[in-house]
Each structure stands twice: as C-alpha cells, then as structure tokens.
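Chemist: The chain contents come next:
Number of protein chains: 2
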Amino acid sequence: MKIAILGGTGSIGEGFALRWAGKHDILVCSRELDKAVSSADEYKNLLTYKGMQCCSMTGCVNENAIEGADIVVLSVPYQGVVTLLKNLYPYFKNQIVISLVVPMKKNNFFEYMPPEQGSAALEIQDILPKSVKVVSSYHNISARKLAQLDLELNYDVVVCGDDDDAKHTVMELTHEIKSLRPLDGGGLASSYMIESLTPFLINLAMRNGLSDLGVKFV
Amino acid sequence: MKIAILGGTGSIGEGFALRWAGKHDILVCSRELDKAVSSADEYKNLLTYKGMQCCSMTGCVNENAIEGADIVVLSVPYQGVVTLLKNLYPYFKNQIVISLVVPMKKNNFFEYMPPEQGSAALEIQDILPKSVKVVSSYHNISARKLAQLDLELNYDVVVCGDDDDAKHTVMELTHEIKSLRPLDGGGLASSYMIESLTPFLINLAMRNGLSDLGVKFV
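These protein sequence lines are chains Y and C, in that order. Take any residue in the first sequence, note its place counting from 1, add 1, and you have its number in our numbering. Take any residue in the second sequence, note its place counting from 1, add 1, and you have its number in our numbering.
There's no promise every hint is true.
Copies of the same chain look alike in the list, so a pair counts if it fits in one copy or across any two.
[Stated by the list, open to error] In silico lysine-lysine, PhoX-like type, Cα no more than 25 Å apart, as pairs:
no., residue 1, residue 2
1, Lys-94, Lys-3
2, Lys-24, Lys-94
3, Lys-217, Lys-179
4, Lys-94, Lys-146
5, Lys-179, Lys-36
6, Lys-107, Lys-179
7, Lys-107, Lys-146
8, Lys-131, Lys-94
9, Lys-146, Lys-179
10, Lys-107, Lys-24
11, Lys-146, Lys-106
12, Lys-107, Lys-51
13, Lys-3, Lys-217
14, Lys-94, Lys-106
The set of hints was computed from the structure by calculation and includes no laboratory data. Predicted, not measured: the structure shown is a model, and the values here were computed from it.
Between the sequences and the hints, there should be enough to build the whole structure, so can you do that?
Modeler: As structure tokens, then:
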C-alpha cells in the first residue's frame with residue numbers, strides 16, 4: 002500500500018516510516034519539500050545501516066502525497082490540524098486517514114480538551130469528504146520506542162472507526178509492527194476514550210518518574 | 002488498621018476482605034446485619050480452608066463500622082451512593098474513604114457519566130465532612146481475580162487524592178496485595194481520568210472477546 006505520513010519528519014512519523022518500510026511505499030510528507038526529502042534520505046540511510054531491506058521511501062509535499070495514497074497518517078499536533086486539513090481538502094478522495102491527533106492542554110497537569118464534536122477524530126471526519134474513512138489509533142505509542150527498530154513493542158493499540166474494512170486494514174498494519182496487539186475500540190464515537198488516555202499517561206509518567214508510557218490491557 | 006468495607010458482601014468487597022485479612026481488622030459491612038455476618042463467616046471459612054491466618058473479620062451494619070474505622074472502602078455502585086453517604090454522614094469524622102465508584106451508563110456502549118463536580122470522587126468529597134480524606138482508587142481491578150487468593154495481580158493501580166498522607170496509606174495498602182503496583186495519579190481533580198477507564202475497559206473486553214481486563218502502564 003501507499004502510505005503518506007503527514008508529519009513524517011517528526012519523531013512519531015519517523016517511527017512509522019521505519020517500521021513500515023520494506024512492506025509498503027512510504028511517502029514522508031512535509032509542507033517543505035527539502036525537509037521531506039532530507040528526512041526520507043535519512044531514514045533510508047538508517048535502514049541500510051541496519052542491513053534492512055529498504056523499499057520505496059520518498060520525500061514529498063503534503064498535497065502530492067495525499068492524492069495518490071491509500072492511507073494517510075495524521076501524525077501532527079492538534080494545533081493547526083483543522084487549518085491543515087481544510088487546505089488539503091481538494092486532495093482527499095476515499096483514502097483511509099489514521100488520526101493520532103490528541104487535543105490537550107496543560108494547566109496544573111495535562112488535560113484532554115476535545116472539540117465540540119467530542120473528539121479530534123470526529124472533528125477530522127467532519128472536515129474531510131464523507132468518502133474518506135477516518136480511523137483513530139496509535140495515540141499512545143512512544144515515538145522514541147517506535148523509532149528504535151530493535152525494540153519489540155509489547156503494547157496494545159486500540160483502533161476506532163466506523164468503516165469495518167478500514168478498521169481491519171489498520172489492525173493488519175498494526176500486526177506488522179512486532180508485538181503490537183490491535184484491539185477493536187468500536188466506532189469513531191468512542192475515539193475520545195483512547196485520545197483522552199494520552200494526557201493521562203503523560204501525567205502518570207511525570208508524577209511517577211517513568212517515561213514513554215504505553216498501555217497493556219491484561 | 003481497621004478497614005470498613007461498604008459493599009463488603011459484594012464481589013469486589015469480598016476480594017478486599019480476603020486480601021487484607023491477616024494484616025488488618027476487617028469490618029464486612031452491609032445495610033443488613035445478617036447478610037454482613039454471613040459473608041464475614043464465609044470469608045473466614047474460606048481463609049481457614051486455604052490454611053491462611055485469619056484475623057479479626059466481623060460482619061456489621063454500615064453505621065457501626067464506619068464510626069470506629071480508620072479506612073472506609075466504598076465498593077458500591079454509583080447509583081444510590083449519594084443517598085447512602087448522606088444517611089451515613091453523622092458517622093464520618095476523619096476517616097480515609099477509598100472510592101471505587103464509577104458513574105457510567107450503557108447506550109450502544111458503556112460511557113462515563115460524571116456528575117457536575119467532574120467525578121464521583123469529587124462528588125463524594127462534597128457530601129462528606131471536610132475532615133474526611135477521600136482517595137480514589139481500585140476502579141479497574143477485576144472482582145473475580147481479586148477474590149482468587151492464589152492469583153498474582155500484575156496490574157497497575159492509580160491512586161488520586163488531595164491528602165498526601167492518606168494517598169500514601171492507600172499506596173501502602175496496595176503494595177500489600179501481591180504484584181499490584183500503585184501509581185500516583187495526582188489530586189482528586191484527576192480522578193475522572195481513572196474512573197473513565199472502567200467503561201472503556203468493559204467495552205474493550207466485550208468487543209474483543211476478553212474478560213476481566215485490568216491495565217498495565219509499560
């Protein structure tokens with residue numbers, strides 16, 4: 002599949018590019034072409050250095066990548082995502098969009114701040130064409146650990162979405178990353194349950210001297 | 002310590018009575034004395050059968066138990082807890098009250114339904130005398146597993162509360178149950194983060210053919 006990673010030059014974007022390389026065509030996306038190309042080259046070099054098979058890994062601007070992609074990964078901060086997607090609207094058709102987006106703010110501690118739709122995922126579905134299938138997932142995977150290719154990721158990944166085929170595709174993609182276990186989180190209306198875990202995990206980590214917390218349901 | 006377990010004849014109450022027996026004075030509480038005494042006898046017999054040291058385990062009505070207790074465990078459903086605590090108000094002084102209470106309802110799936118205070122724990126603190134120290138914890142421990150004394154409980158227990166000493170006491174009580182790891186969840190204002198996990202875990206279990214889910218932050 003052709004996977005466009007928006008925010009592909011960021012840390013969590015890097016992890017997905019590296020983990021899905023060799024299995025899919027990866028489009029490392031940015032607003033700036035130079036930055037995208039430079040990150041894609043860096044990831045290819047890293048994979049070569051690790052002796053891993055590298056595939057098609059291309060740096061490109063968001064617009065070009067989205068148009069031909071099967072999957073669009075939204076690994077971008079909440080701030081700015083509405084404007085970003087409104088600008089990119091003409092390039093969306095019937096892709097699967099994976100939202101990692103978590104709206105939160107810090108007062109005394111981090112708190113989940115959902116938009117009026119109830120979650121970032123529902124807001125994103127509102128913005129994009131109806132034919133786009135939004136799936137909400139990967140909110141609680143440590144970027145640092147995801148980018149460490151030697152590391153097994155013994156975590157659970159909750160996947161929410163209203164289109165069963167799209168959800169199934171994302172669960173299969175999850176299985177391709179060693180030791181991640183995808184769990185069906187229900188429809189997109191349930192996305193707030195998993196988005197809201199992110200600030201909770203950050204608070205727990207800070208208060209208990211832990212770091213890069215993920216979650217296992219046991 | 003003297004631990005009064007409200008809802009002590011229910012399944013989660015049974016687990017705490019059994020796990021803390023031998024270390025503390027356990028008061029198994031109910032509105033009906035006969036029921037309380039009968040459950041306490043049953044727990045004592047079970048501990049004897051298991052060859053475990055049994056201690057002071059007494060069945061009694063809520064009023065009598067609370068008055069002399071150091072700790073009051075609220076292992077009761079959300080429905081009815083406001084009326085229950087208003088009626089028991091005169092018996093509370095400066096106890097530590099551990100709230101396991103989760104307000105939720107089922108539509109298509111289970112959803113967290115916090116009261117206007119923001120969480121059950123904050124509502125309970127509102128009802129009780131200011132001198133009572135409310136600590137919010139143990140929302141996501143499986144009653145069935147807790148009552149199986151041979152089972153190691155390799156779960157995390159998030160503890161929220163505004164009184165540091167009370168929170169420390171509850172974290173120590175958590176350490177006494179084999180393999181549970183207490184984590185500091187911050188003040189009582191953060192309690193909604195852990196209360197809201199319960200409906201999420203129930204939904205995940207139902208959708209994925211799992212059962213008695215707890216949580217590990219890894």
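Chemist: Each hint should be assessed against the structure and marked as holding or not.
Modeler: Each hint tested on the structure:
With identical chains, the CA atoms of Lys-94 and Lys-3 are at most 25 Å apart within one copy only, with a shortest distance of 14 Å there and 64 Å across copies. For a Cα distance limit of 25 Å, the shortest separation of Lys-24 from Lys-94 inside one copy, 24 Å, qualifies, whereas the shortest one across copies, 64 Å, does not. Proximity of Lys-217 and Lys-179 under a CA criterion of 25 Å is satisfied in both settings, with 15 Å inside one chain copy and 19 Å between copies. When the C-alpha separation of Lys-94 and Lys-146 is checked against a cutoff of 25 Å, the pair qualifies neither within a copy, at 33 Å, nor between copies, at 48 Å.
When the C-alpha separation of Lys-179 and Lys-36 is checked against a cutoff of 25 Å, the pair qualifies neither within a copy, at 29 Å, nor between copies, at 51 Å. Within a single copy, Lys-107 and Lys-179 get their C-alpha atoms no closer than 33 Å, and across copies no closer than 35 Å, so neither meets the 25 Å cut-off. For a Cα distance limit of 25 Å, the shortest separation of Lys-107 from Lys-146 inside one copy, 24 Å, qualifies, whereas the shortest one across copies, 36 Å, does not. With identical chains, the CA atoms of Lys-131 and Lys-94 are at most 25 Å apart within one copy only, with a shortest distance of 9 Å there and 58 Å across copies.
In this assembly of identical chains, Lys-146 and Lys-179 lie within 25 Å of each other by CA distance solely inside one copy; the values are 12 Å within and 29 Å between copies. Proximity of Lys-107 to Lys-24 under the C-alpha cut-off of 25 Å is found in neither arrangement, the shortest distances being 38 Å within a copy and 41 Å between copies. Only within a single protomer do Lys-146 and Lys-106 lie at most 25 Å apart by alpha-carbon distance; the minimum there is 24 Å, versus 36 Å between protomers. For the homomeric pair Lys-107 and Lys-51, neither the shortest alpha-carbon distance inside one copy (38 Å) nor that between copies (50 Å) is at most 25 Å.
Taking identical chains as interchangeable, the C-alpha atoms of Lys-3 and Lys-217 are never at most 25 Å apart, the minima being 29 Å within one chain and 34 Å between chains. Proximity of Lys-94 to Lys-106 under the C-alpha cut-off of 25 Å is found in neither arrangement, the shortest distances being 32 Å within a copy and 37 Å between copies.
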